[in-house]
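Chemist: Position 166, counted from 1, in the sequence shown is what full-length UniProt numbering calls 166; the numbers after and before it change by one each time, with no gaps.
Any given hint could turn out to be false.
[What the hints assert, rightly or not] Derived pair list, reagent style SDA-like, types lysine to any residue, alpha-carbon separation capped at 25 angstroms:
# : residue 1 : residue 2
1 : K132      : D117
2 : K150      : S32
3 : K132      : K162
4 : K162      : N73
Keep in mind that the hints were calculated from the coordinates and are not lab data.
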Amino acid sequence: MRKFSILLLALCAATAAAKDDKTHANRYYVESEKDQPWQEQALAMPAYPDAEAQWADMYVSNTYTAQPKLMINSIRFGPDQTIHYILNIQSAQGFDNITAEAMHCATRSVKTFGYGDSVNRRWITPRASEWKVIGSVMNASDPVRAVLYKTFCEDGLPRNDKQLAERIRTRAMR
1 MRKFSILLLA LCAATAAAKD DKTHANRYYV ESEKDQPWQE QALAMPAYPD AEAQWADMYV
61 SNTYTAQPKL MINSIRFGPD QTIHYILNIQ SAQGFDNITA EAMHCATRSV KTFGYGDSVN
121 RRWITPRASE WKVIGSVMNA SDPVRAVLYK TFCEDGLPRN DKQLAERIRT RAMR
């Protein structure tokens, strides 16, 4: 009986000691950068495209009637693993639809930061700009972003400008 009392007393003491721990967290776990949730970092809007802009015609499909163009000298990599670029989806009638966008490969999402005002040559910031999932690479509802995802994100992010230029030439152009 005495052993049982000592065992019961030890068990109660251990339970009381455990109850004093108010953090309820593992104090020995160190979170790595991979384990942390992704955080978007703000970048300044690029300058509105001028006459010296280097546009590359993109190929989407034989049935796609608009003419998408990617501004090569606007592509930049953000510190948050995003790719920022300027896109012009020219309609079949020749109207320019210029947007400043970013793509986050890990989440397969895209965000529009500004719409181009070609009359006043400025950016118009959208009221509610959110990251939108573009879905799979062969997404029929947004074929231009699907080509951009294939160009920028398949096989990981490009390591340098030479690899980026090669991907654009082989994956986005004819």
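Chemist: Give a verdict on every hint.
Modeler: To see whether the hints hold, each was checked on the structure:
no.: 1; hint: K132 x D117; result: 23 angstroms, holds
no.: 2; hint: K150 x S32; result: 28 angstroms, violated
no.: 3; hint: K132 x K162; result: 29 angstroms, violated
no.: 4; hint: K162 x N73; result: 13 angstroms, holds
Hints 2, 3 from the earlier list are contradicted by this structure; the remaining hints agree with it.
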